[in-house]
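Chemist: As a plain string of letters, each chain reads:
4 protein chains.
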Amino acid sequence: MVGGGQGAFIGAVHRMAAALDGQIELVCGAFSSDAEKSRLSGEELFLPPERVYGSYDQMITSENELLDGERMDIVSVVTPNFLHFDPTVKALKSGFHVILDKPMTFDLEEALALKQIVKETGLEFALTHTYTGYPMVKQAREMIRNNELGNIRKIYVEYPQGWLSTKLEDTGQKQADWRTDPMRSGMGGCLGDIGTHAANIAEYVSGLKIRSIMSNVNIVVEGRLLDDDFDTFIRYDNGASGTISASQVLAGAENGLKIIIHGEKGGIEWRHREPNSLVLRRPGKPESVIRSGVDFEYLAPITKKHCRTPSGHPEGFIEAFANIYRNFALTVRSRIFDETLDPDFNDFPGIEDGVTGMLFIEKAIESSKKGHQWVDFKI
Amino acid sequence: MVGGGQGAFIGAVHRMAAALDGQIELVCGAFSSDAEKSRLSGEELFLPPERVYGSYDQMITSENELLDGERMDIVSVVTPNFLHFDPTVKALKSGFHVILDKPMTFDLEEALALKQIVKETGLEFALTHTYTGYPMVKQAREMIRNNELGNIRKIYVEYPQGWLSTKLEDTGQKQADWRTDPMRSGMGGCLGDIGTHAANIAEYVSGLKIRSIMSNVNIVVEGRLLDDDFDTFIRYDNGASGTISASQVLAGAENGLKIIIHGEKGGIEWRHREPNSLVLRRPGKPESVIRSGVDFEYLAPITKKHCRTPSGHPEGFIEAFANIYRNFALTVRSRIFDETLDPDFNDFPGIEDGVTGMLFIEKAIESSKKGHQWVDFKI
Amino acid sequence: MVGGGQGAFIGAVHRMAAALDGQIELVCGAFSSDAEKSRLSGEELFLPPERVYGSYDQMITSENELLDGERMDIVSVVTPNFLHFDPTVKALKSGFHVILDKPMTFDLEEALALKQIVKETGLEFALTHTYTGYPMVKQAREMIRNNELGNIRKIYVEYPQGWLSTKLEDTGQKQADWRTDPMRSGMGGCLGDIGTHAANIAEYVSGLKIRSIMSNVNIVVEGRLLDDDFDTFIRYDNGASGTISASQVLAGAENGLKIIIHGEKGGIEWRHREPNSLVLRRPGKPESVIRSGVDFEYLAPITKKHCRTPSGHPEGFIEAFANIYRNFALTVRSRIFDETLDPDFNDFPGIEDGVTGMLFIEKAIESSKKGHQWVDFKI
Amino acid sequence: MVGGGQGAFIGAVHRMAAALDGQIELVCGAFSSDAEKSRLSGEELFLPPERVYGSYDQMITSENELLDGERMDIVSVVTPNFLHFDPTVKALKSGFHVILDKPMTFDLEEALALKQIVKETGLEFALTHTYTGYPMVKQAREMIRNNELGNIRKIYVEYPQGWLSTKLEDTGQKQADWRTDPMRSGMGGCLGDIGTHAANIAEYVSGLKIRSIMSNVNIVVEGRLLDDDFDTFIRYDNGASGTISASQVLAGAENGLKIIIHGEKGGIEWRHREPNSLVLRRPGKPESVIRSGVDFEYLAPITKKHCRTPSGHPEGFIEAFANIYRNFALTVRSRIFDETLDPDFNDFPGIEDGVTGMLFIEKAIESSKKGHQWVDFKI
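Protein chains in written order, with the working numbering: chain A, 1 to 379; chain B, 1 to 379; chain C, 1 to 379; chain D, 1 to 379.
Keep in mind the hints are simulated off the structure, nothing from the lab.
Source: prediction; values computed, not measured.
Keep in mind that the hints are not guaranteed to be accurate.
Just so you know, same-sequence chains aren't split out, so a pair can sit in one copy or run between any two.
Derived DSSO-like pairs (lysine-lysine); straight-line CA-CA distance at most 27 Å [as the list claims (entries may be wrong)]: (1) K369 <-> K90; (2) K305 <-> K378; (3) K174 <-> K304; (4) K174 <-> K305; (5) K37 <-> K305; (6) K174 <-> K37; (7) K167 <-> K265; (8) K265 <-> K174; (9) K167 <-> K304; (10) K209 <-> K369; (11) K369 <-> K119; (12) K115 <-> K378; (13) K174 <-> K285; (14) K378 <-> K167; (15) K378 <-> K258.
Whole structure, please, built from the sequences with the hints as guidance.
Modeler: Given below as structure tokens:
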């Protein structure tokens, strides 16, 4: 693991997600650029001191010298955005598969370069767009794939947050600090942090691709350096329209991602707040509330494979995260041991999702800067 | 009553709303332009045959000749849009107060003319933007007025419907027929039918005024003559941004108006589906679910005056509608009998709301036609 | 109308319910045993002074002397329990149909006497167990009738309230005052006020009859004279078991009636808080949320006939109440005018429900007094 | 780990729960009484073959011979009920701390014997009553402890399930097979499987003890050997009354534990379906929805310590389970390393809860057999 030392938020989630299914063992880490902090973090995690490194360069070099079967297989990169590209590239070039936090890189240029490197190395690469790991999100995608909603017409995605409703970055709060800093976060604030999730889930569930975008990107909290709120109109490749809105300044809002998709034959609604329910609406029929659970025969096979508990036993964010880790681990493992892989497990966000995310940030800003024009969604 | 004969939808709702509080008695009507149909409708409503008229012209003339105290006091106009202006103007010019269904007129020009006539006659005029009649909508407005959310930053309004997801107008369905016909509905389809409600509630609750609008107006169902789906970005007069989206082609969707408003200190969410609850979110506090009920001392005085039942006894659409009728009746009555009127009852949508609604339609279409530019929201 | 003068709660609801559908006109009343209060109440209701009476005796006598067609047709009795029997009997004996608030009488003896009189006079009689007026409650009953849940196994009814959680009767609050007074309320407090509703909805929806009962009846608030909380085990005539619990001392609780019924093939859940939704659960299928609305073809015909608005336009307590009044009015009217009556409208609680309610009170108390034994539910 | 081999349900949940926080490592197991099956299960779990045992006797003996620090510290027993006592006692007597699935033992006699042994060995013992591991359940307990609801008056617990609504045990389904078999499950069916959870959460949250019980215990599915449905009246030691109902034959029901507690000053409601929300109701105030999240300062300190994610990131069943494992691990660790333990972590169900559970089963059956009398809840 690169990053995720004491005080970090997402590192601990990555570790729980990786541990949950017993497919991945944390064997080493460079948890901080501060060697002492890295050491302490490793100690807390019961790692042998010799495998807790003071830098990711050192980690990659040292691990590379270990024997097959002892050496780490996967590098998990959980640093702030500006530190995504370098460790990822180095790990890939040294032959390690990589799982990386989103947004993928600092900018689109890096994203395209990384895409090239992933292609060249032929290694596995995953991006932790967590929301696509939820069973009910996969169920929605399957239903749309199976044409249960007919041709898609409309997609609404709303991603409200409230934690940046004051100038939190001035208080030294670590998460706010780097996320609002253009030098570490990249050109997108809210766009990068949660907008990319919103765009990703829209494409993942609908199976459509964004064709063009028009945006209204705002800095609401005075003095902030990056956007903290935006609305967009989206046009998808099949002609469907929609909106993606996200904000981090909605005082009092939780982390409340919602997606509504309607086609000619019906619509679905999924809300992160109740992630184990998926509402299906069809003309002339009662609403259906599709519920997660390994024992529900009516669920799509891929859905059931991403549930861990029987119906009535809620799963949450860590389990969704773990689905990405588990699938990535099984995919890597199938390569290492030359095993057949159930294609339902070869399902995790990857390099293309990462490029789309960076494109989303850049195009949204471009549209807003150009006086809110429609902008083609292409590189 | 003008319009609302057999087979009409909203006429019956108007009658129930008017009857609910015992303040208004239906005394006469011109229920249809078909005299026989009007006669039959009047019979069903237990009206004396001599006060069931074959046309509104006849009704206004005849009623005018009746004695004080016997003559109708208020004319309720519930016809399709193209038939709003003429009976309303004639009623006003004959000295009758008017309550009119939305959208106010066929076009903005008529709206401005009507505004002038209302001003000249000095009579009372109400527009049935029902949603502002809900107690919890009034509560939200009061809380914002009292600065409980701080300076408003963001307003999301979503108004999904699904009933026009097929080309229902081709089946002869009466409601679809005129609502999708530019000659009877005006230039707005979805914009006029539900978009005006959405814009109205946004302004009513927030206390803000729309300053500019950018829109993406769509005709989704092939061959339809008027818009059936739109998204807008809105800029309000205090600088707040937001979106208003509405659609009538979301197959399977009910009539699901939702509004979310956030300010610097918190946010509210109201959904028509559960109209008796208002969710309040504030940083660092549990969510509050404010509930309707005459017995809840914590509600604003104006809220309680618009509840009819104690807590735990749900009220609905007809009651909200009735609040507009009741307030209008009390306002008219206070004029007739020169009584003092509690200002909390002098609260119903009027001529200005009607002009705003027509402006909303015209400006949304203008923005969309101009390649989705920002358009100033002024006459 | 007998009772329901200024300051009363349920009288106003009865009037709104009666007015809603334009089938019933309030023509006279004895609104209070205090003649002046009755007069003032009548004035507020725009009644002609000569038809506002100082007592129900006077009202019945005077109305009786009026001409056919001018005379009232129906007497609505909305007084406290101890004043149910006398005006009802007198009205019936004078040839008036009666609609009466629940619980039916002061005690079981009166209930049986009333049953005899209703039988002898052959007149129409309704009891306002409001909850059976909700469209979704009727839908649940139809589904069970059509064997959609299979043989019924279990019925849970919970009716929490909190308004009597302190000794409110000592403050002079009118509703608390008579409801906790054995001389005016009868032998049941919570049992009579809301327990009878709970028992009624259980039998109505399930189509089953209570066969035996075991109870735990409590007085929680010290010094109170009547029960304010109870739990019961119920055995139904088909062998199904269940519980009925109600309480008026659950501080903070709204008026939260809930019913859950499960059979061999599935179960339903209805909550008064969201009365327009009925949840259906079946093994191996997604949950269904059946929703009210005149436009929902999937609803049972009887359900649709008890909706007034299209889907997505919530109805509430007053509309449910009005369904009882409307059905009663149509039933009476069909007798007066010798019209055919749609049997779906001949659906309102009546004398048998009233007897069952009084039995429920008496048997619950008997069981509790006998050390919580099973008691047969028969007269 | 004892039990939990291939095909088992709860074993996998135990393993995920143990792994989640990185405090516990699975080092060995006797996963099945079938040695080959145990071996295969161990292989799947990446255990070294020499630490996968064919029986728990062998496991305990062999592990005992390992060196300090290499030897297992904790034994997790996840077998069917009849196999709880023996491995637990043997493990304890060999000096291992034990975490055991519920219900604690086969019968009350075993429970009392185990209590004695736990006392004698002085070792740590935990029982996985999962529901008490939820942060919002702990929050409810803290609020009651801090007198926020005042003196407790009423406790309703409802635990519906539907999976045994047919005679599933006849199909060979493994979970149904042993759970309905008196020889393996003990004298309680539904009572033991979920009734003990319901009783446990009632006592845990309220801080009260059951004083007496009256029950109606049913076998609904013909030919079943153990109860599959029951209702009880409960009297608590402070005089509060309540009901505990559970059923496994509610066709279509999920695993839907709910608890409602009201005191003189307010009430709480928690539903397993939305475990991250706790509803608080107080007279004269809006409802509060208290939400989980490490970042919510308003939560009790103990609550926050049992959250892993910030607000808006739902946690579920596995996390609740993991809270028990984590707390147990920290407690054991504080003994081993003689560290100070935060008392908020010394919070997991133990031997007393286990005895109460067995008492609940026996007393409920006793009451039902005695013609549904009140039975004192003591040994």
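Chemist: Indicate, hint by hint, whether the structure satisfies it.
Modeler: Going down the list of hints, with the structure as the test:
1. For the identical chains of this complex, K369 and K90 are neighbours neither inside a copy (35 Å) nor across copies (51 Å), given an alpha-carbon limit of 27 Å.
2. Neither within a single protomer nor between protomers do K305 and K378 lie at most 27 Å apart by alpha-carbon distance, with minima of 34 Å and 46 Å respectively.
3. In this assembly of identical chains, K174 and K304 lie within 27 Å of each other by CA distance solely across copies; the values are 19 Å between and 38 Å within a copy.
4. Taking identical chains as interchangeable, the C-alpha atoms of K174 and K305 lie at most 27 Å apart only when they sit on different chains, with a minimum of 20 Å there against 36 Å within one chain.
5. Proximity of K37 and K305 under a CA criterion of 27 Å is satisfied inter-copy only: 23 Å between copies versus 38 Å inside one chain copy.
6. In this assembly of identical chains, the alpha carbons of K174 and K37 lie at most 27 Å apart only when taken from the same copy (15 Å versus 49 Å across copies).
7. Taking the closest pair of Cα atoms, K167 and K265 come within 27 Å of each other only across two copies (13 Å); inside a single copy the shortest separation is 45 Å, beyond that limit.
8. Within a single copy, K265 and K174 get their C-alpha atoms only as close as 46 Å, which misses the 27 Å cut-off; across copies the closest is 23 Å, which meets it.
9. Taking the shortest alpha-carbon separations for K167 and K304, only the inter-copy value of 24 Å comes in at or below 27 Å, while the best intra-copy value is 43 Å.
10. For the homomeric pair K209 and K369, the shortest alpha-carbon distances inside one copy (23 Å) and between copies (25 Å) are both at most 27 Å.
11. In the homo-oligomer, the alpha carbons of K369 and K119 never lie at most 27 Å apart, since the shortest distance is 33 Å inside one protomer and 44 Å across protomers.
12. For the identical chains of this complex, K115 and K378 are intra-copy neighbours only, at 15 Å inside a copy versus 49 Å across copies, given an alpha-carbon limit of 27 Å.
13. Proximity of K174 to K285 under the C-alpha cut-off of 27 Å is restricted to the inter-copy arrangement: shortest distance 22 Å between copies versus 49 Å within a copy.
14. When the C-alpha separation of K378 and K167 is checked against a cutoff of 27 Å, the pair qualifies neither within a copy, at 34 Å, nor between copies, at 34 Å.
15. Within a single copy, K378 and K258 get their C-alpha atoms as close as 26 Å, which meets the 27 Å cut-off; across copies the closest is 34 Å, which misses it.
In summary, the numbered hints that this structure violates are 1, 2, 11, 14.
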